[in-house]
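Protein chains: 2
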Amino acid sequence: MSKGQIFVLSGPPGAGKSTVRQALLEKRPSLIYSVSFTTRQPRAGERDGVDYYFVTREEFLARHKQGEFAEYNQIFGNYYGTSRKTLQEALDQGKEVLLDIDVDGAAILKMKFPGGVFILLVPPSRQELERRLRGRGTEDEAQVEERLARVAYELGSVGGYDYLICNDRLDEAVDGVLTIIKAESYRTKLSADDLLQQFAF
Amino acid sequence: MSKGQIFVLSGPPGAGKSTVRQALLEKRPSLIYSVSFTTRQPRAGERDGVDYYFVTREEFLARHKQGEFAEYNQIFGNYYGTSRKTLQEALDQGKEVLLDIDVDGAAILKMKFPGGVFILLVPPSRQELERRLRGRGTEDEAQVEERLARVAYELGSVGGYDYLICNDRLDEAVDGVLTIIKAESYRTKLSADDLLQQFAF
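Residue numbers (my numbering), protein chains in the order written: chain A, 1 to 201; chain B, 1 to 201.
Be a bit skeptical, because a hint or two may be false.
[As the list claims (entries may be wrong)] Heads up, simulated DMTMM-like pairs for lysine to aspartate or glutamate below, C-alpha to C-alpha not over 25 Å straight-line:
| no. | chain 1 | residue 1 | chain 2 | residue 2 |
| --- | --- | --- | --- | --- |
| 1 | A | K17 | B | D194 |
| 2 | A | K17 | A | D104 |
| 3 | B | K95 | A | D194 |
| 4 | B | K17 | A | D194 |
Note that these hints are calculated values from the structure, not bench results.
Assemble the whole structure, with the sequences as input and the hints as a guide.
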């Protein structure tokens, strides 16, 4: 049994996952971010090895063939994958590990790490989601429509998530995730024998 | 399905349950304390209807016969019981309800309310527990020994608890329980249909 703890953050594009993630890593420096591999193009400001490992389709599939991914899937024509080795190493070291994975990738990961904590981040409304997606300007109109069309599908997975956080105000959403991570650190992990020994009873 | 949430706080005598409970109720006024019935004598400063409903053995057993208790049991010669009606009403109103129940009472309650959150409060060491028990001066030496002899039995139930909090520093223990209660408020309760409707997707 690994000593660490997985926290998976999912949500529709535009829910604010990247912004929340950056704030979380600043506020809880002990939290390790599992950087995903992707074949999509970097957006302005995104750094290789920090936001994603940006790789070619060929490299991605070669890594998959070598069994490197704990989960991977394809969304909007791009591959995304989580490194099994990086994840397992962090868990073995007893770290809290944060992952940003879409709902289908999260489903795959949950089968392999059922003890993970799964958090779904949602926008306050469809209107606000549209506003954010158009506002960030990283997708053309067809791509925005494609993302909006997938939202109902994504939210359909809510029942598999442990926690649901509405990202209306960023600071409250970040505080919510931090609260969940901190609460999880109190989760009972000791056996009765361990406890009796530890407290010298 | 009730809308509220049960939080059960258990722990050996001297772990600091009463002090933690009082701090919790001050810091989170929305939290409702489920006042237990007991046949034990009030300690100095304890108020009827606030800390416990202090009743005679005859009254306790009469109430039990009328099915009034969601759980009850006998410890150190005294009866303790949780009012089913008070608990259910608070839950129906969507309240967060705090209960202070010993490990066996908690076990009974967990069978009836498996969705409850169960928190075990433990002292930092056996020595510190002894010091606190003798320091509070509410039990004679024989009673202190009786309580100490039961601690290993009580800690043996740790596996049934969701969270384990060591009450070394009071403010940290209180903050831990508050964090757990707050995190629980983000627990996914909406169905996919509810969510889609709420966010107008």
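**Request:** Check each numbered hint against the structure and report the violated ones by number, ascending.
**Result:** 3
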